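Undergrad: Taken in order, these protein sequences are the chains called A and B. Start counting the first sequence at 1; every next residue gets the next number (our numbering). Start counting the second sequence at 1; every next residue gets the next number (our numbering).
Just to be clear, a hint being listed does not mean it is correct.
Cβ pair distances, simulated, as ranges [what the hints assert, rightly or not]:
#1 A:Gln-574 to B:Arg-192: 52 to 58 Å
#2 B:Asn-73 to A:Phe-445: 45 to 51 Å
#3 B:Arg-75 to A:His-335: 36 to 42 Å
#4 A:Glu-338 to B:Asp-142: 46 to 52 Å
#5 A:Ala-147 to B:Met-186: 32 to 38 Å
#6 A:Tyr-69 to B:Leu-238: 52 to 58 Å
#7 A:Asn-117 to B:Ser-169: 45 to 51 Å
#8 A:Thr-176 to B:Arg-234: 32 to 38 Å
#9 B:Ala-129 to A:Ala-544: 57 to 63 Å
#10 A:Ile-358 to B:Asn-73: 24 to 30 Å
#11 B:Pro-17 to A:Leu-316: 51 to 57 Å
#12 A:Gly-449 to B:Pro-132: 43 to 49 Å
#13 A:Asp-556 to B:Arg-75: 54 to 60 Å
These are calculated hints, taken from the structure and not from any lab test. These numbers were taken from a predicted model, which means no experiment stands behind them. We treat Cβ as the ideally placed atom computed from N, Cα and C, and that holds for glycine.
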Amino acid sequence: MTPQLITTDVLVIGGGLAGERCAIEAAAAGQEAMILSLVPPRRSHSCAAQGGMQAALGNCVKAEGDSPYVHFLDTVRGSDWGADQEVANIFADEAPVAVRELAHFGVPWTRVRGGKNRYFVKGEWVEIDEPTENDGLITHRDFGGTAKWRACYAAAGTGHAALYAVDSEVVRLGITVRDRVEAISLIHDGSRCTGVVARCLRTGKHFAVLAKATVIATGGYGRIYGRYTTNATINYGDGAALALNTGIVPLGNMEAVQFHPTALSPSGILITEGCRGDGGFLLDKNLNRFMVEAEPEKQELASRDVVSRHMMQTILDGNGVDSPNGSHLWLDVRHLGEKHLTTKLLEVFDICRDFAGINPANDLIPVRPTQHYSMGGVRVNKDGEAYGLAGLYAVGEAACWDMHGFNRLGGNSLAETLVAGRVVGARVAEYASSTTLQANTALAFDALGIAERQSEAWLTREGKGRSVYEIRDSLGEIMITKVGIFRNGEDLEAAVSEIQALIDECSHAVLQHKGPGANPELAFALRLPGMLRLAMTVAMGALARSESRGAHFRVDYPLRNDRDWLNRTLARWQPDADAPTLSYEPVGLIDLPPGHRGYGSDERIELETSVDDYNASVAEVQQREGRLASVDPMGSRLKSAGEASI
Amino acid sequence: MTDKVRRLSFEIFRFNPEDPESEPHIDTFEILERPYMTLYMALNEIRETQDAGLQFDFACRSAICGSCGMLVNGRPALGCRTLTADLPETIRLHPLPAFKLIGDLSVDTGTWFRDMAERTEAWIHEQQAFDPEATEDRMSDDIAAAIYEGDRCIECGCCVASCGVANVSPEFLAGAGLNRVARFMMDPRDSRSDEDWFEVVAGDDGVFGCIGMMACADVCPKELPLLEVYAYLRRRTLGTKFLKD
Chain A
1 MTPQLITTDV LVIGGGLAGE RCAIEAAAAG QEAMILSLVP PRRSHSCAAQ
51 GGMQAALGNC VKAEGDSPYV HFLDTVRGSD WGADQEVANI FADEAPVAVR
101 ELAHFGVPWT RVRGGKNRYF VKGEWVEIDE PTENDGLITH RDFGGTAKWR
151 ACYAAAGTGH AALYAVDSEV VRLGITVRDR VEAISLIHDG SRCTGVVARC
201 LRTGKHFAVL AKATVIATGG YGRIYGRYTT NATINYGDGA ALALNTGIVP
251 LGNMEAVQFH PTALSPSGIL ITEGCRGDGG FLLDKNLNRF MVEAEPEKQE
301 LASRDVVSRH MMQTILDGNG VDSPNGSHLW LDVRHLGEKH LTTKLLEVFD
351 ICRDFAGINP ANDLIPVRPT QHYSMGGVRV NKDGEAYGLA GLYAVGEAAC
401 WDMHGFNRLG GNSLAETLVA GRVVGARVAE YASSTTLQAN TALAFDALGI
451 AERQSEAWLT REGKGRSVYE IRDSLGEIMI TKVGIFRNGE DLEAAVSEIQ
501 ALIDECSHAV LQHKGPGANP ELAFALRLPG MLRLAMTVAM GALARSESRG
551 AHFRVDYPLR NDRDWLNRTL ARWQPDADAP TLSYEPVGLI DLPPGHRGYG
601 SDERIELETS VDDYNASVAE VQQREGRLAS VDPMGSRLKS AGEASI
Chain B
1 MTDKVRRLSF EIFRFNPEDP ESEPHIDTFE ILERPYMTLY MALNEIRETQ
51 DAGLQFDFAC RSAICGSCGM LVNGRPALGC RTLTADLPET IRLHPLPAFK
101 LIGDLSVDTG TWFRDMAERT EAWIHEQQAF DPEATEDRMS DDIAAAIYEG
151 DRCIECGCCV ASCGVANVSP EFLAGAGLNR VARFMMDPRD SRSDEDWFEV
201 VAGDDGVFGC IGMMACADVC PKELPLLEVY AYLRRRTLGT KFLKD
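Chain A extracted, bound-state conformation (with noise of 0.2 Å):
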């Protein structure tokens, strides 16, 4: 039996790899640490990662001359300008560093192998000598959008390594784990959050866990795409709607959606980027090439929203394949040959066969743009602690911290759980270790109270409204088809009257389940609100953003405008409140001014303003949207930080 009342030093939501790296941090430092899942931790959404983690090693002939800085470039201008540059000068900077802990964690990097390799870059094959005194260092593999190759990889179960290795960590440092159990509000007083109320789900219980620091590590929100999503069934974005239903704390960018090109059609399995990463050809129907006319110079490795738009457009301009469930492209993997899709692409093959009946090294196979990964999510400061709450930290893919702007880099995630869960414990350890625990039990019974009268309404309400698993199948089609790859006003404003609409249905849905324990129907019922208001929150930035940035396309408004949009949206739920309000703030410190990327299109609005005056903005509007002072000084990591501080 679980007390109703729990303490720990610093509680961590979520149990893939940013917050169990987090929670390692914390409790290395000496803080007493507890970690919630929805499940087994090795089973959460980061052992899907298959293709790599990018860092600047440098040590493949093809990644000679990388560096931190050349990562940070490629992050900003793959961000199509979105990110906060300081941010992800953080993260380059972190990211070999992160690596190398993994490898001494256990993580079995694939390494150089010195003398004659053979590559596919490009088109055909290319033989290239790795030199002897780099033998035995980790290697690298080519990536979208990357000037280098800089995706570090164990075949294609990246994540899984990953996560096995930190996950192993945690069980040396006995961290406490309590799988199966969800967060459902968090306790807060308006200024600091202290905790949350938690609900078992393997017995229905609630309970409340009080902390010095709280980490919402949940991942991302893909789910309110319904089935049209790589991810899996557990990321509805719990921990975003937690923050969001404070009313204080800000979502950043939520219409920052990412779709990635090769999702197996029609199951929306991820299929790693590392095969065209490896050489792996996008065809049309009629087996044509189409992207190397359509970017001459990056060809199937330009950045994920530029790629998925091209595919796109192809399927629209009638040269996708037609297929019962649609139409969609071909991914081409045959001519890198059956020896290296058994061992570098080991997953690709073995998701091709149990899931299309197919063998890669001889059939091509059917993919198609599917949403993939959230930039948007809890907004926070270079610390990683929450906008408006003092307490409250978010990591990873949950957290808009923000390294990825508009559109993310591939393997630029895997490395950022790692970095944020190392920059961000370390900060949480510090916070916990300079405070004392506020144990007002008051506080939490009430929050206690709240959640289960939730529970309760929806067991004893009658009626006739529609079953939830409904209103999340209507969501998720409201969501594909008009807060999808191309977007336009008018399918936005029918989006958002739409979504409101479910919302309101939600209010009515019917359980058809009252039993004890855990309740799966009760469990999915008690989330579902959370995905319909984030999805209003998507929608409606969606709808405000009259300009196109990285994943974000208006085909009303095609061109990035720097001048009116360089900018990250912030959206509050006001408790009682219909809908979200909308604010802005600038993107932050700007070292790289805006330009073009190098692949996509070369049109803008330019920026209006100089850099000088648009960085003298950053700290003021910032701070009034609710950052809390970083511990080091705004700007003081970026690369010209002599400048560029304020």
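Following the hints, position chain B against chain A.
TA: Coordinates of chain B only, in the frame set by chain A:
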């Protein structure tokens, strides 16, 4: 696919330990088969249209996370990648044995694997502390590939459920546990000596508790080479104690 749509009959084990009135029994559900239908799709359809209380576990639905092990017509398998087309019209589903039941098809693998990891100290026993300034230690790509092969286990528990020993002896490490041990044993980064390893795997709960029926290898969804793993463990362990000099 045949032209005629099959009507599938699912006979599913039901028991909710949280419900004092629940008794273990079998419920039967019928649904129409769809092309490329997996047990993931079928079970969700049953829960969403026929019995909202049905408990089961899925997460990644792509055979990577290991959540959905269950007995499919008596054989442990991952539900997400089991196609109904490969099964007869009557499909009997039970929870994996050897694990504590949470309800219906849902079992507590998390506790089992955490306990195994703690008992075998399934982490790298470092030789020295991590130095963030240093270049990584070198490793041959062949050794990295061999470790990765052992690292591929997704801890779904199918091997444990299929193991004659694990079903009667809860402490037995079973396929997943022994594979985990071998994975660290072959890792040059781990500082444990053969004598240390002897303590971990030489007892009845370790590799010599295996009675060699090898159902584990038959059911492993990742097709891990468990026969070779056990041979490796026996060789290393015997080599320590009995075969020296």
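Undergrad: Now tell me, hint by hint, if it's right for this structure.
TA: Hint by hint, here is what the structure shows:
no., hint, in the structure
1, A:Gln-574 to B:Arg-192: 52 to 58 Å, "holds (57 Å)"
2, B:Asn-73 to A:Phe-445: 45 to 51 Å, "holds (49 Å)"
3, B:Arg-75 to A:His-335: 36 to 42 Å, "holds (37 Å)"
4, A:Glu-338 to B:Asp-142: 46 to 52 Å, "violated (19 Å)"
5, A:Ala-147 to B:Met-186: 32 to 38 Å, "holds (37 Å)"
6, A:Tyr-69 to B:Leu-238: 52 to 58 Å, "holds (54 Å)"
7, A:Asn-117 to B:Ser-169: 45 to 51 Å, "holds (48 Å)"
8, A:Thr-176 to B:Arg-234: 32 to 38 Å, "holds (35 Å)"
9, B:Ala-129 to A:Ala-544: 57 to 63 Å, "violated (50 Å)"
10, A:Ile-358 to B:Asn-73: 24 to 30 Å, "holds (26 Å)"
11, B:Pro-17 to A:Leu-316: 51 to 57 Å, "holds (52 Å)"
12, A:Gly-449 to B:Pro-132: 43 to 49 Å, "holds (46 Å)"
13, A:Asp-556 to B:Arg-75: 54 to 60 Å, "holds (55 Å)"
Taken one by one, the earlier hints fail for this structure at numbers 4 and 9, listed in ascending order.
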